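Asker: Below are the chains, spelled out letter by letter.
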Amino acid sequence: MYSKTVEVWVGIFVAMGLAALFMLAMQVSNLSTMGSEEGYEVSLFFDDVAGLGPRAPVRMSGVRIGRVSSIAYDQQRFQAVVKVSIDNDFRSIPEDTTALILTEGLLGAKYIGFEPGGALENLVEGSKIHSTQSSLSLEKIIGQLFVKLTGGND
Amino acid sequence: MWLIRNMGRRAIHSFQRLGRGNLFLFHTLMGIPQLFLRYRLIVQQLFAVGVMSLTIIVVSAAFTGMVLGLQLFNTLQNFGAEQSIGSVTALTLVRELGPVLTAIFFAGLAGTSLTAEIGLMKATEQLSGMEMMAVDPMRRVIAPRFLAAWVSVPILALIFSAVAILGAYFVAVGLLGLDSSVYWTQMQSYVDWDEDVVNGIIKSVAFGFIAAWIAVFEGHDAIPTSEGVSRATIRTVVHTSLSVLGLDFILTSLMFGG
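Taken in order, these protein sequences are the chains called A and B.
Position in the first sequence counted from 1, then plus 51, gives you this note's numbering.
Position in the second sequence counted from 1, then plus 12, gives you this note's numbering.
You can take every hint at face value.
Ranges of calculated distance between the beta carbons of each label pair, as one might list FRET restraints:
(1) B:R50 x A:E92: 51 to 57 Å
(2) A:E176 x B:G186: 42 to 48 Å
(3) B:L35 x A:T56: 33 to 39 Å
(4) A:L69 x B:L35: 31 to 37 Å
(5) A:N139 x B:L82: 39 to 45 Å
(6) B:L178 x A:D98: 42 to 48 Å
(7) A:L69 x B:L15: 54 to 60 Å
(8) A:T56 x B:P45: 24 to 30 Å
(9) B:G189 x A:V175: 41 to 47 Å
(10) B:G186 x A:G177: 45 to 51 Å
(11) B:D206 x A:L153: 26 to 32 Å
From the structure, some residues in chain A lie toward chain B, with a derived Cβ separation under 8 Å:
(12) E58
(13) V61
(14) V79
No wet-lab data here; the hints were simulated from the structure.
In this text the structure is predicted, and so the values were computed from the model without any measurement.
Idealized CB from N, CA, C, for every residue including glycine.
So here's chain A without its partners, still in its complex pose (with noise of 0.2 Å):
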């Protein structure tokens, strides 16, 4: 009963099993691009990120160039703290850059863009962007609009 071809199937079973864990790790899931991602962090600071979550991505003209790694709260600003780390190939980015919270499509999810500024110095390792602009929030919509058409009465 015992032979050479009940071991043969049964390491065609576990190589099938193992080549099913490898694509669920490469293709399916993160982990290919959680690894390669070498690359250099920068902090923004935002007055509100609300919606934005850990590994959203950073893009640039619609290109991801990068991901966020953390956010957190800065006491003395009284500001969020996001960094984000941006891959190494793109190192020439003007240190002057704007970056934004942006939406994908009407109900997406949140991401951070940059928009280029005119500088000659690049961003490095541990650089700070201020010029930044957060994210919308229906609420704060409608009451600036309530502002609007209240004020305009008087």
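We have chain A; now place chain B onto it with these hints.
Answerer: Relative to the frame of chain A, chain B by itself:
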């Protein structure tokens, strides 16, 4: 009076079974370390339990994935969100359907055969015969089957998820004309390795444990008659399915609830 007595008898009976089950599990686990000296027993059982289930798992996974692809594509198209089909399919499969469906299929395919085999061994007094020859049936018969079943379920669940994702890919990209790179990039940006894939594997390891335990215990605990073995086989399927679904809810709320 009769009613109360009946209820009491049933309660005592269930508690006795529960206790026997736990003692049995303890003896089985104690038998596992010696198995590594006789790995051929495990290989043989892996063949009987894992490889034999492979065809059905692959075929059912392919169809599950294809149906998911079709249904999600049609539904998501109403919201103009058919691009997210890749992530929805992968998350459903990796987190829930892969582990749960594999465990339930496994109970029907391999669990029943384990129960029937061990039950018949008991009915034909092969297990007592082994004891007479100073061979511990726990180590020789039960432990290899338990271990092989426990190892097989996670492997089969991985294969199930991978094949089903390919099945959904076939429908969404091949038949319905979604862009291939959209399917994979959407998937990669929403499926997290630790959060989703590893939790799915932990789930299937837990389900494999439950399925293996119930299958060998029901076989060993069967009344040694043909009717007893058939009853035990039914109980294997019912108990495994129910406990897997119940445990799945608990694990899901622990893993993804908070």
